[in-house]
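Q: Residue strings, one per chain:
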Amino acid sequence: MSAIKETEQDHGQHHHHKDLAHHFDTLEQQHDANTLGMWAFLLTEVLFFGGLFAAYTIYRYKYSAVFEEASNHLDIKLGAINTVILILSSLTMALAVRCSQTGSSLWTGRWLLITIGFGLMFLGVKYFEWKHDYHIHLMPGKDWSGKDWWHWQYAKQAKEMEAHSKGAEHSYPDRNTVPPDNDPKFGVKGIQESQQARLFFLLYFCMTSLHALHMLVGFVLIGIIAYFAYQGAYSPEYYSPVENIGLYWHFVDIVWIFLFPLLYLLGAHMGH
Amino acid sequence: MATTEHPTHQPASLSLYFITFGMLMLLTILTIFAGFQNFGMWSTPIALGIAAVKAALVVVIFMHGYSSSPLIWIIILASMFFLTIMLGLMLSDYVSRGWLL
Chain A
1 MSAIKETEQD HGQHHHHKDL AHHFDTLEQQ HDANTLGMWA FLLTEVLFFG
51 GLFAAYTIYR YKYSAVFEEA SNHLDIKLGA INTVILILSS LTMALAVRCS
101 QTGSSLWTGR WLLITIGFGL MFLGVKYFEW KHDYHIHLMP GKDWSGKDWW
151 HWQYAKQAKE MEAHSKGAEH SYPDRNTVPP DNDPKFGVKG IQESQQARLF
201 FLLYFCMTSL HALHMLVGFV LIGIIAYFAY QGAYSPEYYS PVENIGLYWH
251 FVDIVWIFLF PLLYLLGAHM GH
Chain B
1 MATTEHPTHQ PASLSLYFIT FGMLMLLTIL TIFAGFQNFG MWSTPIALGI
51 AAVKAALVVV IFMHGYSSSP LIWIIILASM FFLTIMLGLM LSDYVSRGWL
101 L
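Residue numbers (this note's numbering), protein chains in the order written: chain A, 1 to 272; chain B, 1 to 101.
Honestly, the hints are just simulated from the structure, not real lab data.
Fair warning: there could be bad hints in the mix.
As the list claims (entries may be wrong) - Heads up, incomplete: computed chain B residues facing chain A, CB under 8 Å, no partners named: (1) L26; (2) L30; (3) F36; (4) V58; (5) F62; (6) Y66; (7) L77; (8) A78; (9) L91; (10) Y94.
What the hints assert, rightly or not - Covered by chain A, per the in silico footprint, the following chain B stretches (three or more residues, Cβ under 8 Å): (11) 12–18; (12) 46–57; (13) 67–75; (14) 79–90.
To be verified - Label-pair restraints from in silico Cβ distances: (15) A/Y134 x B/R97: 20 to 28 Å; (16) B/I85 x A/C206: 16 to 24 Å; (17) A/D75 x B/P70: 38 to 46 Å.
Beta carbons are placed, not taken as given, at the ideal position from N, Cα and C, and that holds for glycine.
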């Protein structure tokens, strides 16, 4: 009987705080373990994105001239706007974490929702950017295939025409007006350069969409944490989930901080 | 009693976050400005250098690196270490054996 009592007392002691899991001694220890786990996950994420950065590095080294030319077809203005939006979302995320540390549940939830709002703005800009890229045939695939050089020339021509007509969609040139695949003036070198440029855009679409995928996952996770924040689940003693979703979001921000100069600003010095 | 201890991380001051945001904006402007200059072979190292400073600001301030334990810093540094191995050793191979590409 006394043994049972003792056990109950022990059990009671270990559940002194409602948020302390059974296998941790203190809230502090639990917080440190949570944070460590999140950072370990982010380490794998660094290497996950690292694979694409490695591919980029190799081909950027090998085909630097064409990569600069290809980069020139991206819209620096939209890339810069998105950089500002994403850093803003990082700020609001940092404020959300701070509010959870000071015990302001309501504002934790609000800042989290504002962060999702900025994230949606980012993806909105990205949507129009990708749509435009698709229209000027920068998307590797069916519209950019076979002996590619004329597709590349076509994209250039489309960009020039667009500059004159302020971007109206109907202004894109008819593909029939560009020279055929076997036009002798393009030659082998032209075809090779087209394929190198296609590689740049393959990397551009892969890297930006992997980044966007991380944002979509982030929306779901931030939404869940925001819901619990509104329920009052977090306190200055227990805010690890908010801290960890913050770490994730800041990591996504850091990836973009590197993507922006590497993809958009590569050929900026050559002028548009 | 041990279980009543709170996590020791004190919230950073609000102004620190806003100053960090301001610095990130300035560095974004700087990297765009630098992108339009022709630094030749130094263009990419300059762009990456600015991006590294921005990333460091995010890690140290926004991600609370300033108050993180040494164990966390081992993880942070390990991620850079392994990334360097991946990029460095791979590049050394491609750069020294041009016929690979």
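Q: It remains to establish, for every hint, whether it holds in the given structure.
A: How the hints compare with the structure:
{"no.": "1", "hint": "L26", "in the structure": "violated, 11 Å"}
{"no.": "2", "hint": "L30", "in the structure": "violated, 11 Å"}
{"no.": "3", "hint": "F36", "in the structure": "holds, 5 Å"}
{"no.": "4", "hint": "V58", "in the structure": "holds, 5 Å"}
{"no.": "5", "hint": "F62", "in the structure": "holds, 5 Å"}
{"no.": "6", "hint": "Y66", "in the structure": "violated, 13 Å"}
{"no.": "7", "hint": "L77", "in the structure": "violated, 10 Å"}
{"no.": "8", "hint": "A78", "in the structure": "holds, 6 Å"}
{"no.": "9", "hint": "L91", "in the structure": "holds, 6 Å"}
{"no.": "10", "hint": "Y94", "in the structure": "holds, 6 Å"}
{"no.": "11", "hint": "12–18", "in the structure": "holds (count 4)"}
{"no.": "12", "hint": "46–57", "in the structure": "holds (count 6)"}
{"no.": "13", "hint": "67–75", "in the structure": "holds (count 5)"}
{"no.": "14", "hint": "79–90", "in the structure": "holds (count 7)"}
{"no.": "15", "hint": "A/Y134 x B/R97: 20 to 28 Å", "in the structure": "violated, 37 Å"}
{"no.": "16", "hint": "B/I85 x A/C206: 16 to 24 Å", "in the structure": "holds, 22 Å"}
{"no.": "17", "hint": "A/D75 x B/P70: 38 to 46 Å", "in the structure": "holds, 43 Å"}
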